[in-house]
Structure formats: C-alpha cells, structure tokens
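Whenever a hint applies, use it, and build me the whole structure from the sequences.
Here the sequence shown stands for residues 1 to 76, numbered as in the numbering used here.
Please note that a few of the clues may not be correct.
[Unchecked claim] Label-pair restraints from in silico Cβ distances:
1. 32 / 55: 37 to 43 Å
2. 22 / 54: 47 to 53 Å
3. 37 / 8: 49 to 55 Å
4. 53 / 75: 27 to 33 Å
5. 2 / 37: 54 to 60 Å
6. 13 / 60: 49 to 55 Å
7. 31 / 61: 26 to 32 Å
8. 58 / 31: 30 to 36 Å
9. 34 / 11: 31 to 37 Å
Hints are computed from structural coordinates only; laboratory data are not their basis. From the three backbone atoms N, C-alpha and C, an ideal C-beta is built for every residue, glycine too.
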Amino acid sequence: MNRLHQIESELRALDERRSELIRERERLLAVESLPTEPAPNAGAESSSLSPGDKIALFLSRFRCREDVYPRLWENP
Numbered sequence: 001m002n003r004l005h006q007i008e009s010e011l012r013a014l015d016e017r018r019s020e021l022i023r024e025r026e027r028l029l030a031v032e033s034l035p036t037e038p039a040p041n042a043g044a045e046s047s048s049l050s051p052g053d054k055i056a057l058f059l060s061r062f063r064c065r066e067d068v069y070p071r072l073w074e075n076p
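Now the structure itself:
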C-alpha cells in the first residue's frame with residue numbers, strides 16, 4: 001500500500017506541474033500575440049551625417065581607445 005500512495009502522490013504532483021506549464025504557455029502565447037510597433041529606422045538619419053560625425057558616433061557607441069593604434073597590419 002505504501003508504494004500505491006507514493007505513486008498517487010507523484011501523479012498529483014505531475015498534474016499540478018502540468019497545470020502550471022499550461023498556464024505559463026497560455027500566458028506566453030497571449031504576450032506573443034500582442035501587436036508590436038516596429039522600431040524606428042535609425043539608418044535614414046545616418047545618411048545626413050558627415051564622415052567625421054559618423055566616426056564620432058561609432059567611437060561613442062563602442063568606446064574605442066584613442067591612445068592605442070596598430071603598428072602594422074598584415075593580411076594572412
């Protein structure tokens with residue numbers, strides 16, 4: 001009888017876990033079905049920038065070190 005109670009307990013736990021997963025799945029499906037606005041196109045504005053402005057923008061985004069320069073570049 002002890003094994004029977006253990007099996008029934010495990011089945012109840014599995015049923016509860018299954019219910020939790022079904023609720024989470026439904027929540028995720030509801031979130032995914034929400035309409036999203038497309039991100040604004042930043043590329044359209046960059047064409048009006050001067051080359052110096054583009055370089056400054058790149059350096060500000062990637063935080064390049066201005067005190068380090070390559071000595072020699074060789075293509076392999």
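Status of each hint after checking the structure:
1. 32 / 55: 37 to 43 Å: Distance hint for residue 32, residue 55 holds at roughly 40 Å.
2. 22 / 54: 47 to 53 Å: holds (51 Å)
3. 37 / 8: 49 to 55 Å: holds (50 Å)
4. 53 / 75: 27 to 33 Å: holds (30 Å)
5. 2 / 37: 54 to 60 Å: At 59 Å between Cβs, range holds.
6. 13 / 60: 49 to 55 Å: The hinted range 49 to 55 Å holds for residue 13 and residue 60, with Cβ atoms some 54 Å apart.
7. 31 / 61: 26 to 32 Å: For residue 61 against residue 31, whose Cβ atoms are near 30 Å apart, the range 26 to 32 Å holds.
8. 58 / 31: 30 to 36 Å: Given range 30 to 36 Å: holds, Cβ gap about 35 Å.
9. 34 / 11: 31 to 37 Å: Given a distance of about 36 Å, which is inside 31 to 37 Å, the answer is holds.
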